[in-house]
Amino acid sequence: MRGGSMYNIILVDDERLTLDNLANYIDWEQMSCRVIATASNGRDALTKIESLQPDILITDVKMPFMDGIELCKQVHTRFPKIQIVFLSGYNEFDYACAALQHGACGYLLKPIDHEELATTMRTVRQRCEEQKNLLNSTLLTSGEYLRELLQIGGNLLSGLADEVTTVYNHHLHLPADNKTFYFVFISIDEYTLLTENPLTFDAPSGDFSTVERLEFFIVGLPSFFPGVLTKLRDGQWIFVTKESDSKVFTHWRNQSANAQRWISLSLTDNPQSLLIFTKQWPKMLQMRNQLVAIHGTGLINDNWDNMQVVWRKEPFPKTEHLIAAVQQNRRDQVEEWLHDFYDGGLPPGNISQAFVDSVSVFDAVLSAVAANNRHLQDIIEKDSRFFGRLSLMESMQSMKTHMRQILSTMMDELEASPVDRHIEIVNEVCNIIQKNYGQVITIDMLTELIFLSPNYLRTIFKDVTGKTLMEYVTQIRMDNAGLMLQETNIRIHEIAKRVGYESPSYFGAVFFKRTGLTPNQYRTHAKKGSRA
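So for the sequence shown, UniProt numbering puts the first residue at 1; every next one is plus one.
I should point out that these hints are in silico values taken from the structure, not numbers from a laboratory. As the structure is a prediction and not an experimental result, all values here were calculated from the model. Even for Gly, the Cβ is constructed at its ideal location relative to N, Cα and C. Treat the hints with care, since some could be wrong.
What the hints assert, rightly or not - Derived DSS-like pairs (lysine-lysine); straight-line CA-CA distance at most 27 Å:
hint	residue 1	residue 2
1	K179	K231
2	K81	K48
3	K231	K81
Unchecked claim - What follows is a set of in silico ranges between Cβ atoms, one per label pair, in the way DEER data are often shown:
hint	residue 1	residue 2	range
4	N270	P80	40 to 48 Å
5	E243	D113	41 to 49 Å
6	S505	P454	28 to 36 Å
7	N270	Q328	27 to 35 Å
The whole structure should be built from the sequences, with the hints applied where relevant.
Right, dumping it as structure tokens:
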């Protein structure tokens, strides 16, 4: 019989010739078995059983140091899933009967009859298969129990904890009285974001999303490292194992570039009981969430219970500095601003507050930069999922990357049409001046409103209009003063105030310099012209 599961056997006999014949002159592969070790006494056999964890033990009854019956007792107690078959001479039949009472599932008489061996091994294989099916069933049940324990708490359900512990011991080939394990919390970071916005895998083969490939990768962990894997919820698993080495798990995860980027691991650094773990679970989960929020995805943490969360102490950088950097295409300053905003620790409201703050910043930048740029507005609107993706993120580093991308898009567009952008800025300044010419207007006031440096604003305004800012302010004031002189009977000192001059005499001097007439002369000429 070939194909299907192969079962591992350890052979034990103190007669070297018998042991050699059993190991080398029987076609075990035909019976879907393979010999993985031999031993000449019970004590040696028990050491190898502890190390190799076979499926089947075939042992002689009478041996030195530790006989077959004592070996059977210990194996049946400590490793109950191992199937035991005894070898016996005719005068040792009573020993074999005693062994059957201690968990053996069959016996073979010496010298071995090959047909009888094949029949016995069919029965043993069937028992192994039943054990396997039972184990799979109990693992499913233990997974449900573990989820319940972590949700409700171990103290309230100590009986369930005992049942799950028994299953873990059985599956991990640990002694029945063992109470402690290592626990590894595995998470796919940004799971919701990856699900809502599927990314392309580094080396795609078939139509699978990143999440599907990551899940498949995680499900394969027990074949890489012995343990029990339980899915808690979408994107989160608990892996229970009898030993823990962060280097081993790092090696496993780093086999895939995307796993290295998106999978985080939190490991207990000491073995602990299931009840103790359920008590520590809330802190472990909270710490993982906070560490991912601060440091980003793909973390490996084997000291999570001693970690401290960095809360933000410094004030956030000013939004107007970011707006100015974007408008002037100063990418180094944009990067510096993003670093100060996202790398200074969690805000008091945790990651949800970081989302609110990010949206507020982006809205201000968009209003300032794209207000008069229809093409840029169209580009942003086409990427209408921006706010949706931002709200799904659980890491400030992911938010930072996302903001960098959208700000880079803005700057690329502004860089592609710098002249048009300068015209838009100058038009905005002109509108401000036209609406506020009656008030005090300074270069500092204008730069604060449009988030540009004074020198930069002076330069582009002169390039576009051919005038300095103050020349343009004066022009608007004198134009409006002329209209009031021509169309109203408002006193000249009142007109001076309305166009931004506290001193009527200074207003008169400026008006004369521009028109060649005093305000009174201008009004007189205007009225004569209207009568004519």
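How the hints compare with the structure:
no.: 1; hint: K179 - K231; verdict: holds (22 Å)
no.: 2; hint: K81 - K48; verdict: holds (16 Å)
no.: 3; hint: K231 - K81; verdict: holds (25 Å)
no.: 4; hint: N270 - P80: 40 to 48 Å; verdict: violated (27 Å)
no.: 5; hint: E243 - D113: 41 to 49 Å; verdict: holds (43 Å)
no.: 6; hint: S505 - P454: 28 to 36 Å; verdict: holds (29 Å)
no.: 7; hint: N270 - Q328: 27 to 35 Å; verdict: violated (55 Å)
In the structure shown, a violation is registered for the earlier hints numbered 4 and 7, in ascending order.
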